[in-house]
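Visitor: Here is what each chain is made of, one letter per residue.
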Amino acid sequence: MSLSRPSQSSSLAKDSSLVPGAANGRRQRNIERMQDFSILAFLVGLFIVLALTSDVFLTSRNLENVLAQSVAVGLIACSGGLVIMCGGFDLAAGAIYVLSAIVAAKVSNTFGAELGIVSGILAGVALGGVNALICTVGKINAFVGTLGTSIFFGGAATAISGGGFTYIEDPAFSVLSADIFGINVSIIIFAAFAAVCAFLLNRTVFGRYLLAVGDNEEAAKLSGVSVNWTRAWVYMLSGFSAGLAGVVVASRSLAVGSSSGLANSLVFSALAAILVGGVSMRGGDGAIWRILAGVFILAGVSNGFNLNGIDPLYQQMMTGVLILIAVAIDVWAKR
Amino acid sequence: MTSDIPSNGEIISAVSVSKNYGATRALNEVSVAINPGEVHALVGENGAGKSTLAKILAGAVEPSSGHLQVAGVPVRFVRPRDALRAGIAIVQQELALLPSQSVIRNVFLGLEDHRAGILVESSLRGRYAELVRRWGFDLHPDMKVSSLSIGDQQKVEILRALARDAKLIIMDEPTARLTTPEAGQFHKMVRELRDQGKAIVLVSHFLEEVLRLSDRVTIMRDGCVVRSSKAEDETSATLVQGMLGRSIESTFPPRPRASLFAEPRLEVIGLSGKKFSDVSFSVRSGEILGIAGMIGSGRSELLRTIFGADRAIGGEIRFGTNVHSGFKSPREAIAQGLALLPESRKDEGLLLSQTVGDNIVLPHLRDHVASAGVLSRHRQQDLVNNSIGTFGIRCAGGGASMSSLSGGNQQKVVLAKCLLADPKVLLLDEPTRGVDIGAKRSIYELLFDFVAKGGAIVVVSSELEEVIGLSDDVVVMRRGQIAGRFSKDEATEERILAAAFGTA
Chain A
1 MSLSRPSQSS SLAKDSSLVP GAANGRRQRN IERMQDFSIL AFLVGLFIVL ALTSDVFLTS
61 RNLENVLAQS VAVGLIACSG GLVIMCGGFD LAAGAIYVLS AIVAAKVSNT FGAELGIVSG
121 ILAGVALGGV NALICTVGKI NAFVGTLGTS IFFGGAATAI SGGGFTYIED PAFSVLSADI
181 FGINVSIIIF AAFAAVCAFL LNRTVFGRYL LAVGDNEEAA KLSGVSVNWT RAWVYMLSGF
241 SAGLAGVVVA SRSLAVGSSS GLANSLVFSA LAAILVGGVS MRGGDGAIWR ILAGVFILAG
301 VSNGFNLNGI DPLYQQMMTG VLILIAVAID VWAKR
Chain B
336 MTSDIPSNGE IISAVSVSKN YGATRALNEV SVAINPGEVH ALVGENGAGK STLAKILAGA
396 VEPSSGHLQV AGVPVRFVRP RDALRAGIAI VQQELALLPS QSVIRNVFLG LEDHRAGILV
456 ESSLRGRYAE LVRRWGFDLH PDMKVSSLSI GDQQKVEILR ALARDAKLII MDEPTARLTT
516 PEAGQFHKMV RELRDQGKAI VLVSHFLEEV LRLSDRVTIM RDGCVVRSSK AEDETSATLV
576 QGMLGRSIES TFPPRPRASL FAEPRLEVIG LSGKKFSDVS FSVRSGEILG IAGMIGSGRS
636 ELLRTIFGAD RAIGGEIRFG TNVHSGFKSP REAIAQGLAL LPESRKDEGL LLSQTVGDNI
696 VLPHLRDHVA SAGVLSRHRQ QDLVNNSIGT FGIRCAGGGA SMSSLSGGNQ QKVVLAKCLL
756 ADPKVLLLDE PTRGVDIGAK RSIYELLFDF VAKGGAIVVV SSELEEVIGL SDDVVVMRRG
816 QIAGRFSKDE ATEERILAAA FGTA
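From first to last, the protein sequence lines are chains A and B. Here the first sequence stands for residues 1 to 335, numbered as in our numbering. Here the second sequence stands for residues 336 to 839, numbered as in our numbering.
Don't read these hints as lab results, they were simulated from the structure. Note that this is a predicted model, so its numbers are computed, not measured. For every residue, glycine included, the Cβ atom is placed at its ideal position computed from N, Cα and C. Just so you know, not all the hints are guaranteed correct.
Residues of chain B clear of chain A, computed beta-carbon distances all greater than 10 Å [claimed, not checked]:
id	residue
1	G372
2	D568
3	F596
4	A668
5	Q689
6	G708
7	G724
List time: in silico DSSO-like cross-link candidates among lysine-lysine, alpha-carbon distance up to 30 Å [unchecked claim]:
id	chain 1	residue 1	chain 2	residue 2
8	A	K221	B	K523
9	A	K221	B	K663
10	B	K523	B	K610
11	A	K139	B	K523
12	A	K139	B	K663
13	B	K663	B	K609
14	A	K139	B	K681
15	B	K479	B	K610
16	A	K221	B	K479
17	A	K139	B	K610
18	B	K759	B	K609
19	A	K139	B	K479
Please model the entire structure based on the sequences and the hints provided.
Guide: Written out as structure tokens, the structure is:
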């Protein structure tokens, strides 16, 4: 109970560390700008290098291929980024992708392509809902909880499909990878979903809440934000995007595999893009456009290695280095 | 400062030690000597500098000026390990144990016997048995620490200090979290340690304990030592007098007393929750109710429970015309017209990596900023600019990053956030903690303005001056229960302190 000079309360001692002053704020903004700039510069630089070293790179066919191949990773990275900004983690997106594609294929073979597509996406949302329950009401650590469901969903996928490929009989299913106005539908879906995510994040109450929960859960709760509901919606969105990615990719070959290796590599590619995009693993910070930049940087690197005939082994090493650089910038910036 | 510091024979002494945190002087030219075989109590109000001094002696904090001296030789402790080497250990209020490890592993953490990196468990057990026998402790070495009572966990920390042959053990509020029988046991243990030649520095809020247990008492106020004297020369009255030592300034503008006929805004009836029980009070429109008490007396938990952030165990809340057993969530409380300014703006109040504007509007997005879930930027901008003006928040606009603001301005942001939607009742927990005098005064003016317009305030504060200056009525809490109620005319610092310390 400090009675005299109020400036001497011991509590000030604790607080002095969190009053960094204007200089610190400016420094932080500068670093954020540097982060934005470096990622853009890298993307543009990569584009130029690829254009100069390969004749094929700038052809519309190659670019469209690169984009189309990025759809699944991109969809999962956008919503996966939102999960991380919200202070969560979704390791199960890959398994949801595989399982909902199988559901879509099975339903399509019985009830037709339209119902198949819808049920595949809804399966994704429902499986996301399972993650949501486990990580909110169940109070289980997101990493552990989604690792558990990931393995479970993967097993369920094998059980339902019988282990091999499931072939989609209704050719109408391939509408998701047809061309409209010369552009592949899957790319339009990807662009639209990214735009929706950016809108949700920047312009809606939901977006504010998810950043608030990721930034400081307690402060968000005391501000009247329902922490559990916010997290739950984010996991369901992540399930939605995984289900969507599942049916989109299935529509290309009309064949759905059940390999969990595919599921895992998809999750890790998406995570790599999110990290290269500078989303803070601590939550509360990130941007969709930077995640997209991350997706395209990794896709571009991969494409470039292919076109120039370099051993894909080096591509993997380069991806690792890029992640470390991006994360290092984030960690050093916040110190 | 003190006249009777023995120059030799002491375990450690502080010589003109000062500590600054930014512009704040937590310790001011403090000199004190700790002798072997004595229990040396440090008393003072919250913020008097006791804990800072304790941390400096234990090497957890380095002094800004002055130095420490061991056996007449100046020493410098950069980290706790340096102090440990000089035989000084600290047992913090928040125990620093590995909860899922066994007692024996905790005691010998960092002292393990090993041969080429491979643990030799057997010799550890022998050492443990000897340690326990010598000091008369009764703790099974294989118990998991998390399964022990707080009192036993404390024993583990003390054993850990003894295992390192500490000559001096500093204990910060050791009995604050103990039950009465546990505290009794603890007192016995302290006496035994002293009789075997150990020195104890006891930081305590409980004056009876201090008088009963210690040989020497150092009274601190505002970062200075008031006096160091023999415990037998002090009484609880002289201690309180020494801790207070000054009169209230008139930082508080005069304010008409709330009308006795005004309608009650918030009534709490027999409310119990985590860390408090059977608390009743009511506040009327235009009234400020102060809640005083020591840190840890259950005040913050009370406010959080009223606000729906923690669950009530029993009792009820009457808010406006509704009677219920507590709000289910802060969201419901906010919707009904309640607002809480939480104790720690860093941990509970603010999103430090978001902007000033985003922080101010966060609780009000649905009702005042968005339509159908979509945010309106200009509506937010209007609200934020308005708040920045009304509350005199000094920042580079609503887009400024939260972490670029000073403590006082950050606190104004939290207050602006609370008041944006015109709540009926405002719950304040340490409203001016870490805020400079200028910002403090403007916060007081904003609060008086709020009650003048018919609002009601419940304010928890550890600063007596603030509680008395702000409140119409004062309630004092002690160990989770109401230990005293005073009207404005009755509320003096002495009475409140006596109730808070339990010496009334």
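Visitor: Checked against the structure, which of the hints given earlier come out wrong?
Guide: When the structure is compared with the hints, numbers 4, 5, 6, 8, 11 and 16 turn out to be violated.
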